[in-house]
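Enquirer: Quick one: dock chain against chain with the hints and give me the complex.
Protein sequences, first through last, are from chains A and B.
Here the first sequence stands for residues 5 to 103, numbered as in the numbering used here.
Here the second sequence stands for residues 720 to 1155, numbered as in the numbering used here.
These are computed hints drawn from the structure, not numbers from a lab.
Any given hint could turn out to be false.
Capping the alpha-carbon separation at 25 angstroms, the derived lysine-lysine pairs in BS3-like fashion look like this [as the list claims (entries may be wrong)]: (1) A:K52 / A:K98; (2) B:K1014 / A:K41; (3) A:K52 / B:K1015; (4) B:K1010 / A:K98; (5) B:K862 / B:K823; (6) B:K881 / B:K823; (7) A:K20 / B:K1014; (8) B:K1015 / A:K20; (9) A:K98 / B:K998; (10) A:K41 / A:K20; (11) A:K20 / A:K52; (12) B:K907 / B:K762; (13) B:K1015 / A:K41; (14) B:K773 / B:K871; (15) B:K998 / B:K984; (16) B:K762 / B:K773; (17) A:K98 / B:K1015; (18) B:K881 / B:K862; (19) B:K874 / B:K907; (20) B:K1006 / A:K98; (21) B:K881 / B:K858; (22) A:K41 / A:K52; (23) B:K773 / B:K881; (24) A:K98 / B:K1014; (25) B:K874 / B:K824; (26) B:K824 / B:K871; (27) B:K862 / B:K907; (28) B:K998 / B:K1010; (29) A:K98 / A:K20; (30) B:K907 / B:K773.
Cβ-to-Cβ under 10 angstroms is the rule here; a few derived chain A residues that face chain B [claimed, not checked]: (31) A29; (32) S30; (33) A59; (34) L65; (35) Q69; (36) R70; (37) R88; (38) V90; (39) V93; (40) I99.
A virtual CB, placed ideally from N, CA and C, is assigned to each residue, including glycine.
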Amino acid sequence: MSAKPVFEFVHLGENKFSLSGRLDASTAEQLEAELNKFSSAITLELSKLNYISSAGLGVLLAAQQRLSEVSADLTIISLQPQVRHVFEVVGFDKIFNLE
Amino acid sequence: MASDEQAIKLLQDENTRLRRAVEELSVLNDLARAIGSITDSNKVMETVINRSLKAIGAEQGIITLVEEDSATPMKTLVRSITSSAHREQFHLTQNIVGWMLINKKSMISNDIRNDDRFRGIRGLSESIRSVLCTPLMMKNQVKGVLSIFNKKGGKQFGDDDKRLLAIIAAQSAQIIENARLDEQEREKLVLEREIDAAREVQTSLFPRTLPAIPGLDIAAVSIPAREVGGDYYDFIQLEDEHWEFVIADVSGKGLPAAMITTMGKGMLYAQSLLGPSPKSMIINSNKIFRKNLPKKSFVTMLLGVIDPRRRLMRLATAGHCPPMYYSAELHNVSPLLLNGIALNLMDDPSVEELEVTLQPGDVFTFYSDGITEAENNGRNQFGEERLTATLERLHDGTADDILRGLLRDVQDFVGGNEQSDDMTVIVLKVPPPPGG
Chain A
5 MSAKPVFEFV HLGENKFSLS GRLDASTAEQ LEAELNKFSS AITLELSKLN YISSAGLGVL
65 LAAQQRLSEV SADLTIISLQ PQVRHVFEVV GFDKIFNLE
Chain B
720 MASDEQAIKL LQDENTRLRR AVEELSVLND LARAIGSITD SNKVMETVIN RSLKAIGAEQ
780 GIITLVEEDS ATPMKTLVRS ITSSAHREQF HLTQNIVGWM LINKKSMISN DIRNDDRFRG
840 IRGLSESIRS VLCTPLMMKN QVKGVLSIFN KKGGKQFGDD DKRLLAIIAA QSAQIIENAR
900 LDEQEREKLV LEREIDAARE VQTSLFPRTL PAIPGLDIAA VSIPAREVGG DYYDFIQLED
960 EHWEFVIADV SGKGLPAAMI TTMGKGMLYA QSLLGPSPKS MIINSNKIFR KNLPKKSFVT
1020 MLLGVIDPRR RLMRLATAGH CPPMYYSAEL HNVSPLLLNG IALNLMDDPS VEELEVTLQP
1080 GDVFTFYSDG ITEAENNGRN QFGEERLTAT LERLHDGTAD DILRGLLRDV QDFVGGNEQS
1140 DDMTVIVLKV PPPPGG
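Bound conformation, chain B alone (with noise of 0.2 angstroms):
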């Protein structure tokens, strides 16, 4: 007799069991159906959290994501059913990833309120009795936690529902780390391709070809950084075969800047029908930005206005940087400063404008801010003092020869250093007299 109970007893256990794997299974065969097709990453863990509740029968439930790039290791992305829990969760979720994250393995609590592993937290509702959690695993590493608050019908959860809940976890964690990383290639295509458009809209602006300016030699160059600033120079012709030209920083990057630039160019063009006044083309150029950008836009602006046939050069500044001038008369290098401070930053600025003799042998440098902020490893800017000195020994060149000469002691600088902000440099030679 007692064998035939012990039978008993083991056809109703390998019965439960058997029920137990064929449940576990339809869960499965449940989730991988309602996932089937999903690519949003919220979807996705919205629907794994519910099929979670659905087949252990609880109350509440979380996906905590662990951010891995992010300053705080801790820091979480919280997705929840019932929005009205986030606050309270996230202090217990908190908790419970940073036990994760170390333990590496499934757990229950049936008694959050007395139980040592949650001591301290602020803020728990009354409403969260009991938790069951398990970690979301990708080769090894702990890349979330799934968590579900309150057996429904007051039960404590049990040995069973941790199985159920691990295997659903194995099942989500790599659908939802799939989903995850096809969102963030997506966004990173839609970011590239605004960095594309802006670095058309930018390159458009820029001239194609040099003009050929009697008594001058000339180079220019404009260098977008990866995700392009607001840099811009040109040359305009005048009445009178007077030259104007520009060099500019619309502050910001990407579109916005660009079209900022865009405007400021068609201004300057039609400005340049006005009359040769560097002067008051800032002027008016200011008059123009306080009218139509918004007031955290700011433009620096240097402009010059040559006068081939007199060998003069006017230039105003708009809180550009300061060109470098190299005289061949005093043979060094200095700063030409003037006042004069950025378009769009107050009504009437006083803009003071400058005039210099073209003398042979002498070189004007103008550049952005992206020259002389461009940095190495050591966090440490090119800065105005190894631009004097690199413009000091290249003067003797061509316009060419020196605006290489100068990208490249740039770039020997900064070494391996990611190029952060557009670089711009124009060179005016004056051609000293041939043998001289």
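If we strip away everything but chain A, and leave its shape as in the complex, we get (with noise of 0.2 angstroms):
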């Protein structure tokens, strides 16, 4: 029994929101879900997200698409350097805002 859940979202205040965890397939539709409730900028905390797949990135470049569509921008800020490197290899640096 581990009492930490696999992955978290937390709000911060504003448009800012805490990803914590590990983001892949099991966990990349919660935060689907969440997303989908917004329609105006966002930024996310990345500094907790030990791990992120694939399914992980599929669901911030939706996100981003979406948000895209009505001028609206996501921003990703904190990335710990293993995800940074995720990020880099694919490309994602070059596609998102991240400070």
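Expert: What follows is the structure, given as structure tokens:
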């Protein structure tokens, strides 16, 4: 019994949210459902996100594409080095506002 | 005389007891017949609720199931025959379930609003006055709660009602549980079938045999995860004795990913007729995907074209894991870093092409992220550093030795952890001269 959830999506205030844990195929749907509630600019803080898989990247991509249709930005900040590395290999650093 | 009155009283009591027993039996008989061959757990629960309401004469009813495997033990499934009452009753039943998990016995409250056990419940509707509830027990565990509300005619729930509901619950618990297990089993079967279908499609896309390319020793394998990911590799013969090879990873899993891979394969074979440029193949593939794929899908891909006569290899990537290169000259392994982003991310990405000379003893290892992201129990990843060390240790062997050795290292690292993503590896080795 692990008390800590595998993945968490926490509202930090304003339009800012924190992702923590692991974003993979089993948790990506949860994030997708949360992100689908928004249609204005949002910022995702990833300092507690330890792992992202291609399914996780797919959800971020879908959200970014959806928001860009209404001229809103998806900004991603405070990436851990190994998560940043995944973003860079796949080329997500070129299409996201990474800060 | 007194004894006559006593005898009459006894007879009357006995009569009441018998009538009640007959009533109870007929309710149970009714219930058993109604449930009969129903296998849908929702319908079973609806029937149990309806029969309870009829037998006891109450207005509304709910069965709340306790979710065992949920992160929150209080998470419940709510079924009601009056859908409009869902919201208010949700908080109430949450409280009841909490109480039941501890006390494991029936409970009556004929005045909810002034009952300490329900103090502070949000949004309790005015329409709910009284409740009678009883646990659905299986093997001494509370699997759910059967609750009914508001005895008709403004009456109060009594001990007879409590007894009857408990009998109904005792009869129903096993049936509801069986229907649930049946459903889970059926859902699992459907999922298994889809997984099998996806695996069949994916496996049919891989080459059946590896080509013989002059001056190259080749080994390749793709090991699908249980729930198939979107890995793909292939070797395609081009004009002028050139060979193209590809390793790719479609985002997502299962059938949707397998369908995209199928499309990608067709696209690559069509393009192979156009000429041996990995860079233009990536640019064209991106154009085609941009027009056809959903926007949330993307594909990482690495393409190589081998010219065996001139001992040259040209590489281009679309956001795929960087290949590892063992240089016989430098005696070390380093990643070949190439610019290029995943397919379907943007309209006109810049793509870099790298040309390398194939030197005797060189080893090129291409892989999918299932290798570097393979995890052990401590949630550590195999990673590029371990991959580099493994390849430096193994470079002397044949392509097959290197591939097997690498898979063994990954397997040793992850231990008993289930493989969560497809793992694909292509090893190209330029054999050293005999005796060299």
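Enquirer: All the hints need checking, so say for each whether the structure fits it.
Expert: Outcome of the hint check:
1. A:K52 / A:K98: Holds, because 22 angstroms separates the two Cα atoms, which is no more than 25 angstroms.
2. B:K1014 / A:K41: It holds: about 18 angstroms lies between the C-alpha atoms, which stays within 25 angstroms.
3. A:K52 / B:K1015: holds, 24 angstroms
4. B:K1010 / A:K98: holds, 20 angstroms
5. B:K862 / B:K823: holds, 10 angstroms
6. B:K881 / B:K823: The hint holds at about 14 angstroms.
7. A:K20 / B:K1014: holds, 24 angstroms
8. B:K1015 / A:K20: holds, 22 angstroms
9. A:K98 / B:K998: holds, 19 angstroms
10. A:K41 / A:K20: holds, 13 angstroms
11. A:K20 / A:K52: Judged against 25 angstroms, a Cα distance of about 14 angstroms means the pair holds.
12. B:K907 / B:K762: holds, 20 angstroms
13. B:K1015 / A:K41: With a Cα-Cα distance of about 17 angstroms, the restraint between K1015 (chain B) and K41 (chain A) holds, given a limit of 25 angstroms.
14. B:K773 / B:K871: holds, 10 angstroms
15. B:K998 / B:K984: Roughly 17 angstroms separates the two Cα atoms, so the pair holds.
16. B:K762 / B:K773: holds, 16 angstroms
17. A:K98 / B:K1015: holds, 16 angstroms
18. B:K881 / B:K862: holds, 19 angstroms
19. B:K874 / B:K907: violated, 46 angstroms
20. B:K1006 / A:K98: Holds: K1006 (chain B) and K98 (chain A) sit about 18 angstroms apart, inside 25 angstroms.
21. B:K881 / B:K858: holds, 21 angstroms
22. A:K41 / A:K52: Holds - the C-alpha atoms of K52 (chain A) and K41 (chain A) are around 22 angstroms apart, at most 25 angstroms.
23. B:K773 / B:K881: holds, 14 angstroms
24. A:K98 / B:K1014: holds, 16 angstroms
25. B:K874 / B:K824: This hinted pair holds, its Cα atoms lying about 22 angstroms apart.
26. B:K824 / B:K871: This hinted pair holds, its Cα atoms lying about 23 angstroms apart.
27. B:K862 / B:K907: holds, 21 angstroms
28. B:K998 / B:K1010: holds, 19 angstroms
29. A:K98 / A:K20: Distance of about 22 angstroms is within 25 angstroms: holds.
30. B:K907 / B:K773: Given pair K907 (chain B), K773 (chain B) is violated - Cα atoms ~36 angstroms apart, limit 25 angstroms.
31. A29: holds, 6 angstroms
32. S30: Since chain B brings a Cβ to about 9 angstroms from S30 (chain A), closer than 10 angstroms, the hint holds.
33. A59: holds, 6 angstroms
34. L65: Status holds, d = 5 angstroms.
35. Q69: holds, 4 angstroms
36. R70: holds, 8 angstroms
37. R88: The hint is violated - R88 (chain A) has no Cβ within 10 angstroms of chain B, the shortest such distance being about 14 angstroms.
38. V90: holds, 8 angstroms
39. V93: This interface hint holds because 6 angstroms falls under the 10 angstroms limit.
40. I99: With a minimum Cβ separation of about 5 angstroms from chain B (threshold 10 angstroms), the hint on I99 (chain A) holds.
Hint check: violations occur at hints 19, 30, 37; the rest are consistent with the structure.
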